[in-house]
Each structure stands twice: as C-alpha cells, then as structure tokens.
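**Q** If you want the building blocks of each chain, they are given just below.
Protein chains: 4
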Amino acid sequence: MSNDKRLRLALFGSGRIGQVHARNIAAHPNIDLVLIADPFIDGARRLAESTGARAVQDPEEVFADTSLDGVIIGSPTSTHVDLISRSVARGLAVLCEKPIDLDIDTVLACREQIKDSTVPIMLGFNRRFDPSFAAVRARVEAGEIGKLEQLTITSRDPEPAPRDYIAGSGGIFRDMTIHDLDMARSFIPNIVEVSAVASNVFSKDIEELNDFDSAVVTLRGSEGELITITNSRHCAFGYDQRLEAFGPDGMLSAANVAPTTVRKSGAKGTEEADAYYPFFLERYPQAYYAELDAFAHSIRSGATTSPSFADGVSALILANAAAESAVTGKTVSVVEL
Amino acid sequence: MSNDKRLRLALFGSGRIGQVHARNIAAHPNIDLVLIADPFIDGARRLAESTGARAVQDPEEVFADTSLDGVIIGSPTSTHVDLISRSVARGLAVLCEKPIDLDIDTVLACREQIKDSTVPIMLGFNRRFDPSFAAVRARVEAGEIGKLEQLTITSRDPEPAPRDYIAGSGGIFRDMTIHDLDMARSFIPNIVEVSAVASNVFSKDIEELNDFDSAVVTLRGSEGELITITNSRHCAFGYDQRLEAFGPDGMLSAANVAPTTVRKSGAKGTEEADAYYPFFLERYPQAYYAELDAFAHSIRSGATTSPSFADGVSALILANAAAESAVTGKTVSVVEL
Amino acid sequence: MSNDKRLRLALFGSGRIGQVHARNIAAHPNIDLVLIADPFIDGARRLAESTGARAVQDPEEVFADTSLDGVIIGSPTSTHVDLISRSVARGLAVLCEKPIDLDIDTVLACREQIKDSTVPIMLGFNRRFDPSFAAVRARVEAGEIGKLEQLTITSRDPEPAPRDYIAGSGGIFRDMTIHDLDMARSFIPNIVEVSAVASNVFSKDIEELNDFDSAVVTLRGSEGELITITNSRHCAFGYDQRLEAFGPDGMLSAANVAPTTVRKSGAKGTEEADAYYPFFLERYPQAYYAELDAFAHSIRSGATTSPSFADGVSALILANAAAESAVTGKTVSVVEL
Amino acid sequence: MSNDKRLRLALFGSGRIGQVHARNIAAHPNIDLVLIADPFIDGARRLAESTGARAVQDPEEVFADTSLDGVIIGSPTSTHVDLISRSVARGLAVLCEKPIDLDIDTVLACREQIKDSTVPIMLGFNRRFDPSFAAVRARVEAGEIGKLEQLTITSRDPEPAPRDYIAGSGGIFRDMTIHDLDMARSFIPNIVEVSAVASNVFSKDIEELNDFDSAVVTLRGSEGELITITNSRHCAFGYDQRLEAFGPDGMLSAANVAPTTVRKSGAKGTEEADAYYPFFLERYPQAYYAELDAFAHSIRSGATTSPSFADGVSALILANAAAESAVTGKTVSVVEL
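Chains as they are written, first to last, in full-length UniProt numbering: chain C, 1 to 337; chain P, 1 to 337; chain B, 1 to 337; chain W, 1 to 337.
Next up, chain C with everything else stripped away, as it sits in the complex:
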C-alpha cells in the first residue's frame, strides 16, 4: 500500500478506551476514523460528532463498508473473538484490546479460524509502546547491559475496579497481571516456568469473589532468566508502573512519570516530586498514540505486528499458569508459548 493514501478505520466501542483511540486517530495526520459502531448508539454518536466519524449500531455496517482498511476493537471482551473473526474474514486489519478472551479454548479456536489470514492482527498491549519501557528494551537489545539475566516489574493499580468489573474480570492474573506478562515476554519471549504467590491483604470484596488483591509472579526464561512481577490492586501514590532490567554489564530502569519536574523542599522533607499520574489514560497517552502508529505502519507495510495475536495467546497461557500456581503452590511448566 502506498504511504500516501490515508488509512480508513472503523472503531468498535465508544467507551473509555474507544474514546482514546478515536481521539488519537483524529490527531493522526494520515488516518481517518470513518465509522464508530456501538449498540449503545448514543455514546457512539457523541464520539462521532467530535471526531467527524459516522455512528452505527450494527457491526454489519462496518463489514459492509468496502472502503475500510482496518478496525480497532475496543468493545467488551466477550465480543472480541467474534469481531476478530469477522473482521479478518473481510480482510480487515485488526487492532484488538486485550484480552482476546478469558477462555483459552475460545482463544485457540479463534486462532485456528484465522490461521490462514495474512492481515495484520495486533493486540493492544499498549505498555510495549511507552517511551521509557521501549527505550529500556531497545537498549537491552542493543547489548548495553549484556545478556539479560533478571527483570523486575512493579505494577500497581491506583485502586480496585468496581466489584462488578472484578467479578467478570477473570481474576487478577488474567485481568491485570496479563499486561506485565506481556511486558515480560517483550523482553524474554520464551518463558518456561511460572510460579505465583497471591494473597488478600486489603479488600473484602475481592476476597469474597475468590480473587486476590495482591500477587507476586516469578517467571523463568528458557536461558535461566528470572522475572519478577509485583502486583497490587491499590496504590496510594497513583499508578505504579516501573521496571528494571539487569545484566552482567549493569542495569537499566524505567521509573514512574510525573506531570512536571517540580520538587519541593520544606521543613518536613525535601525534594518531594508530584503525585504520579493517576491511571493508564494519563500515564500512557504517548503509548496509545505510538501503538496506533505502529498499527498503521503494519497495514501499510504488511510488517508483522507486535504485539501479535500469538502474543495475546501466550500472555493468556502464562496468566492461566500463574492462576494455577497461586492455588496449588507449585511451579507450572509452560511447554509451548
């Protein structure tokens, strides 16, 4: 495809994440948002008005539009597999929010269905595109610290999602840790073992739902690399998102991001920085934009997407292994990602 032609995309879902994508497309110099599909047509209409797209209720209207290059799927998880399959069947490139589905069999069936397609299918693990995390990865790959030996990921949400959300989330590993598992795989794709320890230290709600509010997951890579993920469903100081990559020649770390560089020194303490960004919309705007740009690049160039559908499958397999390990107290071997 020529680089000059403007890309034409449709968006499924006009909720919080749909709005992020719609605004990024509006700001992108050579992508047009043509359709926004949502059964809740009012939300789609409001978003369409401010972005110049057309709102539709029925996804079939998307599939009927032969002018489109691709779709972004930001609708509820339960719709992902169906929309992926139908989009791919029409030859539309897909950028789908994670997870593909909470059920691995459903995911694998979808994989079977689309296995012969050559359209780009990208999974929305947005954090891969964060400038700081991406810089650490690029510098590790460039050999700056030698062969990666240890990776330490800290990932804490500011506060638990509502009880209803948690109830249908698939649990902390499939809902929250899955992002960190993908981050781990973006450094060390070949994970062979998963150990997890989880607990309930603050939320009665989450405990009643048989879910955990806190977890530590340790992964082993095929060459002995050790990866640690520390999760909590709450964090008083904002969205805590950091990592450290350690190798024989040193360490590269990515810290939290604050709105300004201001520091305060006073009688009680010194060099106090801003509160960190509260959550992913504020923390990762550059990542969402870069993700969109990478998707556009894949459509134009036919290049392999990263993260791919297969990356989505792998992350879910690891999340399932972590969930099993947390319950059994045994390390789970992962034979084939």
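None of these hints come from the bench; they were simulated from the model.
What you are looking at is a predicted structure, and each value in this text was computed from that prediction instead of being measured.
Please note: incorrect hints may appear among the correct ones.
[What the hints assert, rightly or not] Quick list of the computed label-pair ranges, beta carbon to beta carbon:
| hint | chain 1 | residue 1 | chain 2 | residue 2 | range |
| --- | --- | --- | --- | --- | --- |
| 1 | C | Ser306 | W | Gly146 | 39 to 45 Å |
| 2 | W | Pro162 | P | Lys147 | 21 to 27 Å |
| 3 | P | Ser222 | C | Gly146 | 58 to 64 Å |
| 4 | W | Thr66 | B | Ser301 | 42 to 48 Å |
| 5 | P | Asp249 | B | Gly91 | 52 to 58 Å |
| 6 | C | Asp116 | P | Pro39 | 58 to 64 Å |
| 7 | C | Glu49 | P | Asp249 | 47 to 53 Å |
| 8 | P | Lys330 | W | Glu159 | 32 to 38 Å |
| 9 | C | Glu282 | P | Pro29 | 14 to 20 Å |
| 10 | P | Lys147 | C | Ser50 | 40 to 46 Å |
| 11 | B | Pro259 | C | Asp103 | 54 to 60 Å |
Glycine included, each C-beta is placed from N, C-alpha and C at the ideal position.
Position chains P, B and W relative to chain C; hints supplied.
**A** Leaving out everything else, chains P, B and W in the frame of chain C:
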C-alpha cells in the same frame, strides 16, 4: 464571543517558529489556520499544504480578510512593529514572537500608536507556559513557600547561533537573557535594579562581534527579592533550563526534562539519565500549545493577555539595563517598568 | 550494670570481619578490646598492636579472663556453635557473626544447650542497623504507610566469592539470601510460606558446585504480606542493596548509597552519580558500629538483643525452605519459626 | 618528621568548634591532644576529661610546653592574630579557624610578622574538605568538563545567628559569604572583580544592625570565569550547601546531604527525601576530620597547607570588596590577592 465559534487565524512567517504555530493550530480542536503569509512564498505554500491553510505573499491579503479573528506574528523581528500596528488597526488580536523590536524607541512608539486599542496583544514568551515553570509559579502564588525571597534561573543554549544571527541579535541580553528576564518578571513583576557581569570564555566569533558568550544578571525586586540569571551560549548536555524559587517556608524547583525516565547503572557510574532535550522546539512543545490556547482564550473572553505587550516592553528595558551594567560595572536603577 | 563502667570485650578471629569489630571497639568511647584470639597468632598480633589489645592463640585464655563482659565471634562458621556454648557457659555476652551454623540440627542442639542462660546473645545481621533500612522500618512501625502489605528486597553481591568459599558456603540461600531473609523478618517476623526460583545464568563455577548464581525468593507472612527477594552473585555497578516497603498509605524505599552526592551531566547522559560502594565493608560501616553499640546496650541494660539467637535460627529455617523450594518447585510451609 | 611519631597538639578554645576538633583528635589514630587552653577553665576541664587532655587557663602554658608539634585555634576571632603570632614564634604549626581577623590591616600586620616563618599555617575553611565538593574540584582539575567557565554556589544558613553574634560578626560577607568566597577560590584562585547585591527580606534584627539577611555575589576570574554565590541567613529545609561547576564538556554538581537514602511516596507527593542536615556540625563531620588529617600531613611532610594563611587573607579581601560593592552598587576590582 461565543465559545462555540471556531477561531480563524492568520500566520505571518513560515520559518521554524511559524511551523510550530501552524502545527499547533492544526492540532487544536477549535482554531482554524486560514492564511499563511510569507514573502518567501514557497515556504508558505509547503506549510499551507500540510495544514489546510492558504499561502499568500502580501500581508495585505491578511488585512483584507474580514473573517479573521487574529494573527500570529512569527516573521523576522524587523517586521514585528509594523505588523503589530497594522493588525491592531484592523482589530485583529495579536500573538507576536519576542522581541517586539530591538530598539526601545521603536517599541515605545508602537506602544503609543496602539495605546487606545482593546484587542488582545500577547508576547511570545513561551516559557511562561511550560508546565513545570507554571506549576512553580502557581504554587509560589498559592503561598506554599511564603513570600518569595530569591529566584535562581539557569538558562544555557546548547550552542551559539550562527555568526550572522548573533551579529543581528542585539546581543546576549536582548536576544537570550530577555526570556529569563520575562521569567523573572512573571514571578516578581516589579524589578528596581539590574546588575550584570558578562564575559567571553569560549567563542572568538562572539567576542569579535562585541557580544558576550556568558553572563550573570542579578535583579532586585521592589521588596528586596534577589533574582539571579546564569546564561551561557553553549551547553554540552543540551538545553539547560531550570529555576529555583526560595522563600521562608521552603523551595520549589523545576529541573530539566528528559525524553524518558530511564536510568543506567554500570561499572563507571550509576543512575545516568538521558541527555536532555536539545533545544526549545523539543523542550517546550507543551508550552507553545498552551500559549496558543491562552491566546485563544483571550480572544474569546477579552481577558487580559499574559505576557502582554507591556511585558515585552519591560523585558526589553531590563535587557538594556543589563547590557549597560555589564559594560559600566554599575548597578542600573529601573525607574518604571 | 552501671552505664559508667567501661565494657571489656574479647574478639575471636582477626580476619576481615574481626578487623571491622576491632576498629569499631577502638573508636567506641566506653568499650575496651582486651583480647584477640586467633589460632593464626600473627594476624591476631598485628590487629592487637593497632588496637591496644592482647593477642592470644588459645580460646581458653579468653574464658580464663574473669574481667570480661562479653565476646565477639568473628572466627570461621565451623567454630561458632562451640564458641557460643562455651562463652555462654561462662556468662559472657555474645555477638556472633552469622550464620550460627550451616546445619540446622547443630543449631538446634546449641539452642537446647543455652536455653537456660540469660546472657545477651546477638546475631550479626548487621544490615538491620543500616541507617536507611532502620529508618524505613521505624517509619513503617510508626504507621506511616499503614499496615505493611508488600516488601521488595534487592540484594546483589558485586561478584562471586572465590570457588573455595562458595564450595563451603552452604549455597546461595544459606550464605547470601539469609541476610535478606533476616531483613524480611525484621519487618514481618511471622513468615508462613517460602517459594524460591533459582538459576545459573553466568557462572560455570557455581553451577559445577551445584549451587545457583541467581535467585528470587517469595515469602508470605501470616497476615498475607508478600515479600520478594531478588539475588544475584554479581553486579557490575557495585553492591546493590535496596528495599521498598509498601502499604495502603504509600511506600517507603531505601536506595543504594554513593560516596558523594556528585552528579555529572555531559553530552552522552545526565545526572550520573558515583559508582555505589563496592561491598559490605564500605557500604555498612555505620551499621557495624551501631550493631556494636546495640550489643553494648544489651550488656548494660539486660535488654533483649535484636537480632537474637532465635532470629538466627529462623533465618536458617527460611534459607533451608528456600533451598528446598528451589529444587522441588513447590511452596514450602514454615510451621514454627 | 617521621611518620611513626605521634603528633602532639594543643587546642585553644573549648566551645562548639573546639569540641569538634577535640573529638576528632581523640578518634585520630596518631595524634594526641595534650592541652586544652581556655580562660573559661570549666569548659576546658570538661572537654579535657572526655579526651584525655589537660586543661589550662593561661595560653602561656601551651607555649611553655616544648613537646608540642602544633596548635589548633578555636577561640574567639579577636584572639586569633595574637595566638597565631605567638604560636608561629615558638615554631608551632597552626590550624586556625576562620577568619584570621575581621580587620584587614590587622591581618596584613600579622602576615608581615610571620612572613619569615616556615611552619605550616592552615586556615579552617573546612568545606574544602567536604567529600562531595572535593570530588567536584578533583574532577574539574582532571579536566572532566574542560576549562571551568561558570561556578554556582548556593549557601544558606538554617536560621540567623543570635543578634549579639550578628552584631560582632563583621556582616554577612565577612562572616558567612567568606566560606563561599574561599570555596570559589579553591576552584579559581585568581579573582579580579567582585559585584554584590544584598537585601533585607525577612529579619528586622539584622536590618537594625545595618547588616543584610540575603545576598548575591558575582565574581569574575582572570580568565573570564563567572562565579555566583547565593546566600540567605535562613532556610526552612536545613543547611543548604550546593555547587555546580560548568565547562565546555559538561557540568559537575554536588547536592545537599541527607541522613538516609529513604524516600516516601504517598497520596500528596512522591519520592520525598529526608530533611537535610540542620547545620555545619552535622553536615561537615567528615570535612573536619579530613581537615585535621591534612593538617597532620602538613606538619609531618612540611608540605604547603591548603587553605593557607594567604588564602585567609584573600578571602577577607574579597569579602571586603563584596561589602563595598553591595553598598556602592559598583563592581570592585581586586588587584592582588
């Protein structure tokens, strides 16, 4: 003016700074760039193509367009006063890049000419809009450190401008320090004394032009506040732009900005951050956008602009005083800003 | 015991750690080092000369000196249990370097033997006395971050000990991690589960000795607290010793220590700090001194020592559990510390 | 003099600074404190008891002791010149607290008197020995940032000294800035111009004494180097002591020192460090010890002392020039340091 109506602006100048403004207007949700005027019509055309504006060669075409709300003046300094006067005469709001002019008499004549106008006239001291500097100022004004007593501004360019530019720049104080003088006045408007010490430590070129490559300026506010500005025309580690505000209850500081939060620890040293942004285009994109937004707000609301034409006059008076002090070795009193 | 009387101590061992203790006693205002016992009498003599003590070869000479208040045991691990038992039998207070012994049965037999004694017995987990770690612990105990939920300990040695040392060390968990296990217990004494994942990523020597060069240990406290320890036997940027304590109201962290506060900014990178201290002698001098002071305080006041003999037993039990978990891939329950 | 022989020193003055020196000598492995002379014999006795020295009232007892190698003068400023002269006349090495005297003529007369002596005379500008400042200087001298172009010194006391002390202090420049002037000269010995701006922003007491509570001093070195000193007589966040050295190849900075590396992140702000050390006794203990060690080295080796008597003279000349400039508003040329 209603908040709903889209604003229509024209831009004078399609050079480096004109391009910044043109792109920000393109990204702004309710401002349209209608005309780009530049005697070098090719540059105007290229910029117009990518922003949807129309390129014109003759400024009269701007003044003839009765649909416009305002203009942004990003053309060479020598054209500023003329364009300001003519724009104001047509009732067009003005956002003019600094300086108004290098000659104070010309500036004061312009002031006389426009003194009865009520259209917003804003000076492009973009740094006032930097999020970190603005946050320090807001927190000082909120009383967080008590009454401001000392302000320390560090401002170093990455490398000297070309010899030709320096030759016509009006000298370090009028060209470079003037930004810091305005920053000082954004904290302490009422400056009563200026002392400057300047020297030539690295550039033969600048010395031959009877200009300085390094300077320290000390200002005194009307209530005894002491402000120090440290300037250099080069800086190995990028564009060095920092400040510290000190009062009886503590200190608020704004540090340099790096592209990522990555830190490297290795055998030679630890916690090494990125190189800072190289220069103003990379360092202050948010500031330019916020400046545009503030200009739009002034046009809509009729609110006083900040920085105003008068702020531009004051900064030039202080720059002249600094230049005088650097040569005479005497503190210069500033009677009326 | 009166606070005025000078304490009289003997030291077993004149090696590296014995020298640290001897010098600290020399610098302490009211402790005298009376005897230094070492079968390698030359080392004892050299150390005695510079500290004003008397060198002896036979430990019996220590036990025969009825003027002594206590002993510091800095001799090889294999001598610890015997020297503890004999010292305690003479009513001498004991500060013994860790570990008590590498064999838990030997340790428990020693515990049985001394169980009726009331003399202070202190274990040399020096890091408890590091000012930064101690400050975090004190602030956690003061409730500054609410109930402790997660503790993250990073602990990397600069480089592997010599092959011979490793061979007799008892393995990474009993030799190196044991310090971190005690640190964990200084925050959360009641540990109920241990999971460990370990690997060989860089050292053929260590692998040949059936030991690991890298490990991650996860502990669970009785109230669901999660503790993570990350270990490596090498570290390019020095002795990496950090921790983070996380609770509902925030996080307290202790970072590495550098010799100076100097930062370097240059063309390649900015704000580069010093290399960290190379190893424990340089990193923990204040901790060793504070440990000695706490020992003296226990002798004078009869106060319970911390860390105690029981803490030494607990740390070894946890190290053994970690070693088991690393091999079996199963979480090990710890019934009674 | 042999390196083996223990040095024998006497101390004049048993006040705050005398106590610092006495304790450092007690901790030093090969210096003995023999005599402590103070007309307030009770203070001398108390200090003598805890350090093993002998207290005397009459300085003549010091000069009569032929076993001494040198003296440390920590008595009131008014006694310095007399004690220096008499000590030097007896061939005793001298470490004298700053200033030599507040009156330049008295200082120059003393210089004349001792000009033929070869005994080491050292001035107590302790900050030269601070590890961070010394490291910056060493790295500048090693050429790490190229030829030094700008030096920025921040120096704020935690709170004003008592009114009586201020009244006899000689004013902010001779009492407080003099340390910073010496620090400047330790980087750039050859200062040729002094400009100062000073004000009264918070203390009525100091204003009534015709002194300033705040000041900025700018110095020019003989090769165009620009040095800025920012002073305040109060500081909410402790003793603020920092510097930045800037050259063509980068910047080296030394920051404030905190008791621990602990950082706190909470709902209101993040990464808050400890309050800095409150004042010089807490901030500069290593510097005082290193100063003593350097003095001992000079006595043993006959090496030139740094800072020397001449450095004390130069600092006072610069302080006088700053005081003059602050009043006249004119840059003061310094012909010969």
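**Q** For each hint, tell me whether it holds in the structure or not.
**A** Structure-based check of each hint:
no.	hint	verdict
1	C:Ser306 - W:Gly146: 39 to 45 Å	holds (43 Å)
2	W:Pro162 - P:Lys147: 21 to 27 Å	holds (24 Å)
3	P:Ser222 - C:Gly146: 58 to 64 Å	holds (59 Å)
4	W:Thr66 - B:Ser301: 42 to 48 Å	holds (47 Å)
5	P:Asp249 - B:Gly91: 52 to 58 Å	holds (57 Å)
6	C:Asp116 - P:Pro39: 58 to 64 Å	holds (59 Å)
7	C:Glu49 - P:Asp249: 47 to 53 Å	holds (48 Å)
8	P:Lys330 - W:Glu159: 32 to 38 Å	holds (34 Å)
9	C:Glu282 - P:Pro29: 14 to 20 Å	holds (19 Å)
10	P:Lys147 - C:Ser50: 40 to 46 Å	holds (45 Å)
11	B:Pro259 - C:Asp103: 54 to 60 Å	holds (56 Å)
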